[in-house]
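**Q** What follows is the residue order along each chain.
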Amino acid sequence: MEGFLGGLAILIDPYVMLMVLLGTVLGIFVGALPGISGSTTIALLLPMTIAMGPIPAICFLGAIYCAANFGGSITAIMVNAPGDPSASATALEGFKMAEKGQAGLALGISAIASAIGGIVSVFVLIVAAPLLARAAYSFGPPEYFAIALFGLSMCAAIGGDSPLKNLIAAVLGLLIATVGMDLTTGIERFSFGIYELSDGIGFVPVLIGLFAVGEMLDQAAKRVGKAQIIHLDAARVPGWAEFKKCNRSIWVGSAVGTFIGVLPALGATTAALIGYNETRRWSKYKHEFGKGSIEGVAGPEAANNAAVGGSMVPTLALGIPGSATTAIILAGLIVQGVRPGPHLFTEQPTLLYAVFASMLAANLFYLVMGLSMAKLFARISLIPPAILWPSVFVLSVIGAYGPNQSMGDVLVMLVAGVVGFLFRRTGFSPAPLIMGLVLGAMVEETLKQSLIIFDDDLAGFLGRPIALTLFALTITGLLWPMVSRLLRGGRAARA
Amino acid sequence: MWTARNPNHTIAVAVAAVAAAAFVGTYWFDPVPPGLPGLGAAEFPRLLCLVLLGLAGLLAMTPGTAPSEGDAPPLDRGAWAVFGICLLFLPALEVIGLWAAIPVFLVAAGLIWGAMPLRILLLNAAGFTLALWVIFAKLFRLTLPTGWLGAALGG
Numbered sequence: 001m002e003g004f005l006g007g008l009a010i011l012i013d014p015y016v017m018l019m020v021l022l023g024t025v026l027g028i029f030v031g032a033l034p035g036i037s038g039s040t041t042i043a044l045l046l047p048m049t050i051a052m053g054p055i056p057a058i059c060f061l062g063a064i065y066c067a068a069n070f071g072g073s074i075t076a077i078m079v080n081a082p083g084d085p086s087a088s089a090t091a092l093e094g095f096k097m098a099e100k101g102q103a104g105l106a107l108g109i110s111a112i113a114s115a116i117g118g119i120v121s122v123f124v125l126i127v128a129a130p131l132l133a134r135a136a137y138s139f140g141p142p143e144y145f146a147i148a149l150f151g152l153s154m155c156a157a158i159g160g161d162s163p164l165k166n167l168i169a170a171v172l173g174l175l176i177a178t179v180g181m182d183l184t185t186g187i188e189r190f191s192f193g194i195y196e197l198s199d200g201i202g203f204v205p206v207l208i209g210l211f212a213v214g215e216m217l218d219q220a221a222k223r224v225g226k227a228q229i230i231h232l233d234a235a236r237v238p239g240w241a242e243f244k245k246c247n248r249s250i251w252v253g254s255a256v257g258t259f260i261g262v263l264p265a266l267g268a269t270t271a272a273l274i275g276y277n278e279t280r281r282w283s284k285y286k287h288e289f290g291k292g293s294i295e296g297v298a299g300p301e302a303a304n305n306a307a308v309g310g311s312m313v314p315t316l317a318l319g320i321p322g323s324a325t326t327a328i329i330l331a332g333l334i335v336q337g338v339r340p341g342p343h344l345f346t347e348q349p350t351l352l353y354a355v356f357a358s359m360l361a362a363n364l365f366y367l368v369m370g371l372s373m374a375k376l377f378a379r380i381s382l383i384p385p386a387i388l389w390p391s392v393f394v395l396s397v398i399g400a401y402g403p404n405q406s407m408g409d410v411l412v413m414l415v416a417g418v419v420g421f422l423f424r425r426t427g428f429s430p431a432p433l434i435m436g437l438v439l440g441a442m443v444e445e446t447l448k449q450s451l452i453i454f455d456d457d458l459a460g461f462l463g464r465p466i467a468l469t470l471f472a473l474t475i476t477g478l479l480w481p482m483v484s485r486l487l488r489g490g491r492a493a494r495a
Numbered sequence: 001m002w003t004a005r006n007p008n009h010t011i012a013v014a015v016a017a018v019a020a021a022a023f024v025g026t027y028w029f030d031p032v033p034p035g036l037p038g039l040g041a042a043e044f045p046r047l048l049c050l051v052l053l054g055l056a057g058l059l060a061m062t063p064g065t066a067p068s069e070g071d072a073p074p075l076d077r078g079a080w081a082v083f084g085i086c087l088l089f090l091p092a093l094e095v096i097g098l099w100a101a102i103p104v105f106l107v108a109a110g111l112i113w114g115a116m117p118l119r120i121l122l123l124n125a126a127g128f129t130l131a132l133w134v135i136f137a138k139l140f141r142l143t144l145p146t147g148w149l150g151a152a153l154g155g
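Quick mapping for you: the protein sequence lines, in order, are chains B and D. Quick note on full-length UniProt numbering: the first sequence kicks off at 1 and runs consecutively. Quick note on full-length UniProt numbering: the second sequence kicks off at 1 and runs consecutively.
Calculated directly from the structure, the hints in this document are not laboratory data. Glycine included, C-beta positions come from ideal geometry on N, C-alpha and C. Accuracy of the hints is not assured; some may be wrong.
A few chain B residues that face chain D, going by a derived Cβ cut-off under 8 Å, partial list only [as the list claims (entries may be wrong)]:
#1 Thr-185
#2 Lys-448
#3 Leu-451
Covered by chain B, according to a simulated footprint, are these stretches of chain D (three or more residues, beta-carbon under 8 Å) [said to hold, decoys possible]:
#4 8-18
#5 22-30
#6 41-54
#7 73-86
#8 110-121
#9 135-147
Cβ pair distances, simulated, as ranges [what the hints assert, rightly or not]:
#10 Gly-101/B / Gly-57/D: 53 to 59 Å
#11 Leu-122/D / Val-237/B: 40 to 46 Å
#12 Asn-404/B / Gly-127/D: 25 to 31 Å
#13 Arg-134/B / Ala-17/D: 45 to 51 Å
#14 Ala-81/D / Ile-383/B: 20 to 26 Å
#15 Ala-492/B / Ala-81/D: 48 to 54 Å
#16 Leu-131/B / Ser-68/D: 42 to 48 Å
#17 Ala-66/D / Asn-247/B: 44 to 50 Å
#18 Gly-101/B / Gly-127/D: 35 to 41 Å
#19 Ser-198/B / Ala-66/D: 37 to 43 Å
#20 Ala-66/D / Leu-376/B: 18 to 24 Å
#21 Trp-240/B / Lys-138/D: 49 to 55 Å
#22 Leu-122/D / Glu-99/B: 36 to 42 Å
Bound conformation, chain D alone (with noise of 0.2 Å):
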């Protein structure tokens, strides 16, 4: 007969393979000073790690429920693009700075979010971007990556 996986088991294997990494990690500190007292460097984190191990296995043993639709519902094109710009945010701050990125963030973002006509978008996203211009850039005088471009302008 077919029975629903138990979703504790892949989180419980997940969290023992965090735990066993880190503890292996542990080998390659350096080693302590001869002459120190009490615990050295690495027996804390691999105290941790113990635990955690034991953690998991408590885990998988306990019976768990996969969660519902409405709490996490599956992944569509939409969520990995949002998910996507969001991670090329990162390169763009270095290419064309963060003046540039944000407003081409929000149009996009929005846009793929949906729901919001493009003017809208467009006009909050030079609304915001200007703001955060002058609270951060002009008020707090913070120094925000101005990318190749902003170099390449002086900026």
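So that you can see chain B by itself, here it is in the shape it has in the complex (with noise of 0.2 Å):
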């Protein structure tokens, strides 16, 4: 509680809560732009944070992510584009509430149903991620090395068209990482010689390469006109009747989303999916689903919101990203030389608490900006692709280049945009390479140090409980999807 004080005391620091109040205005902004999800934009804006020390920039980034899960649902309920992934489930039922003339209806209860699965989602973060650190306490590197392993092997079931797929990024990523110099041998790998590679990869050129000029050179492909909003109309508070029927909807999708949360890998998009899911299972009024009902926007726009709490837990108490986004953020803790653990709860109490203290602010304020601006908001989208994209581009060159001033990470961003680009026309996720990226030095660090302690023998891992109960989890969830169907034919050949 002391802690969580104190983080709330650096939050009434003007600079703290002015960071707080502009990455929630960024995160609405960027969320409601169809293409440029929140991801993209901690990607893009990584640079910036540098300059910012840890503190502000831990409350900036998390502020966006939080604001712009709302913020795609503006769109996704105003155009039927979804602005931000998340809110894929909601433009189902919301883009039909608009159709109806229920637009601010529908935009009031996405604004409610947000902060209230936000909300309940970072009071989660505030007890399970020190109970989370505090076990960790007791984890070795064969430990970390089992839980980096299930993260990954969590990727499959993220984004993109196959597990396959995903798997194969992550593994990528993985590589990617290896590349500098082994730190346990001091030995340069892929290197070729080249001095800018010897400390490895950035981080930040090939976030905002995969994530920013991938996604612009895919818009380029494409080149479709601008969207146009079918209703405008100001949010509007639901009434007692609204908010009662829509009660259990949204506590259902908070509990959802801030379980899908909390497992690594997994973020706001699968817990939307399976809130709508969930939802409707729940819901009296199954009939109005696909109709434009207001519990199903309810539901994953509580759950999409609840996801970002959740995925904090694992980032923070164990350094493994709950999410791609976290990935992100993850990232960019470490360039401020940060590394999130168990260790950061006696170390750097504070900072913890002034993230789980900014998430709370920017879901109050992204509620209050929501009923009272979304009209502003959904104008957003129309601005022309043609002055948007190219613009991305520059900021991304920018935002490459500065940290380092070096036109090297320039390079590497564009090669990475073009991974982006190609990923994403061959049905890869770049989130799961970035899983990879960002795991890979705790995956091959806790490997070499797990067989120092074993004597170079595997079978150590087989006297580690906590350790084989990850792996079986990892096996378990890697053969499923194929024991299922294979359930399934039988049963279907049976009948």
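Got two chains here, each in a separate frame; can you build the complex from them with the hints?
**A** Here's what the structure looks like:
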């Protein structure tokens, strides 16, 4: 409690508060722009945070993450074009409500459900993260290796066409992370005598390239015209009867979202889709789904924002990203010299509680802004792509060049952009590659340390029950889709 | 009978080629100094390459469908032109510097993208460049590429 009050005290600092406010506005702004997701924005703005110092930087990035999910729902409702992938479930019912002339009500319930989901998950974060960190004190390298592998295996379930492609992307990320000097032996790997590569490939240019430039090139290939808003309407606060109707869906969404968020790698998009299904399952008004159900907006909105707090739990407590966006935030923390993990709770508790407090503040900020300025934010989607995407490219170049003043980084960004573009066209998701890149050093270091502990005998893992359990979960998770397909096939053959 | 080609085969071959090239590349690493315990510098990347090769093999055996025209439309001349000017942006930075390259790029890319009048593109280019100059050069005091032209003008 003392730590949390300390965090609130930091939030009173006008500079930090300004960063949270700016992050919230930017988050809603870019969340509402179809094609530019919260992860793209965070990747793009990461270089700017280097000059801020750890606390304002993480508060700024956390606020963008919180607000972008809500921002995505604005265009999902108004234009049927989810600004953020996590709002795709919201579009299913939200746009139908807008067509019925209830856009204002949909925006209102979206803002309220998002804020409730976000706030619930922050409280879970406040309670769960220190507990997980305390448990992690007993973890050694074998357990961390097993957790990192588990996190990577969860990549199979995020985005893209197939789990197999996600795993390939994650392993490619691990391979890219080996570029540069090996810390245990001092030997350079894959640096080809290029001085800039001996420090490894920087997170920032790769992140910007994969997310922002890759998306820009993809949009250039499509070059679609501007979106048309079908119905502009100010947000309306739902009445008591409407709120009561959505009460259950908001809590179901919050619970589902927080749980999904805590699982490594699974983020807001998965949470929203599962939240939508669960809301429908628990609803008394199932017949309204597909025709513009207000519960169908509240459930996924609560879920995708609850996933934000949930995904910060493993990120801060273990250093294992809870989602693609938290992988970028994790990279941002590492760039700032902060290594998340259990020791952070004893070494830098103020930073952690400042994060919690800023996320709470961001949720409240976007609730107010969402209700009062949704109409204004919806206009953002009218920015013509011919102006938007070239500007994104220019910002990407400055973002990649800025931190190290290196044209080499700009080149890396361009190569990563081409990879990101090819990924999008071949059904790969860039998120698992980022997870692999961020976790690469941890996976290799902990494997090497484990083998030293076990005298190079892999059987040593058998004597570590936590690691064994995590390996079992990893294998089950990877094989489950195949097993369930076989079972379904067997059942169909018998029928 | 003609059957549609499985796109996963091409992807699997590309992944396998990357893995094989990286695997071969590990043989160019310097040798590990004697006496160091545990895995050397090459073993972990080699392990990853083998995993990648295995996954590529699995992918080749998995049926895949070509992406729809909406998801991945064929690249037309406009798309290639946008890619080209993105690539040209780099040498432009070296020659004319960032602050001259930005407006040129914004107008050229906007024109290729289409559906925007030149007047608006020019206004946007001027306004956006000015805003970036204020934020990055004046506020954050970032040193950004001035190019040969900037250097010649004393920038």
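**Q** Please go over all the hints and tell whether each is borne out by the structure.
**A** Hints, verified against the model:
1. Thr-185: holds, 5 Å
2. Lys-448: It holds, given that the least Cβ distance between Lys-448/B and chain D is near 5 Å, below 8 Å.
3. Leu-451: holds, 5 Å
4. 8-18: holds (count 3)
5. 22-30: Coverage by chain B holds for the stretch 22-30 of chain D (5 residues, Cβ < 8 Å).
6. 41-54: Check passed, 8 qualifying residues.
7. 73-86: holds (count 7)
8. 110-121: holds (count 7)
9. 135-147: holds (count 6)
10. Gly-101/B / Gly-57/D: 53 to 59 Å: holds, 55 Å
11. Leu-122/D / Val-237/B: 40 to 46 Å: holds, 43 Å
12. Asn-404/B / Gly-127/D: 25 to 31 Å: Given range 25 to 31 Å: holds, Cβ gap about 29 Å.
13. Arg-134/B / Ala-17/D: 45 to 51 Å: Holds - the Cβ-Cβ distance for Arg-134/B and Ala-17/D, about 46 Å, lies within 45 to 51 Å.
14. Ala-81/D / Ile-383/B: 20 to 26 Å: holds, 22 Å
15. Ala-492/B / Ala-81/D: 48 to 54 Å: holds, 51 Å
16. Leu-131/B / Ser-68/D: 42 to 48 Å: Holds: the Cβ-Cβ distance is about 46 Å, inside 42 to 48 Å.
17. Ala-66/D / Asn-247/B: 44 to 50 Å: Between Ala-66/D and Asn-247/B, where Cβ atoms are some 46 Å apart, the hint holds.
18. Gly-101/B / Gly-127/D: 35 to 41 Å: holds, 37 Å
19. Ser-198/B / Ala-66/D: 37 to 43 Å: holds, 41 Å
20. Ala-66/D / Leu-376/B: 18 to 24 Å: At roughly 41 Å between Cβ atoms, Leu-376/B and Ala-66/D fall outside 18 to 24 Å, so the hint is violated.
21. Trp-240/B / Lys-138/D: 49 to 55 Å: With a Cβ separation near 51 Å, Trp-240/B and Lys-138/D satisfy 49 to 55 Å, so the hint holds.
22. Leu-122/D / Glu-99/B: 36 to 42 Å: holds, 38 Å
Of the numbered hints given earlier, the model fails hint 20 alone.
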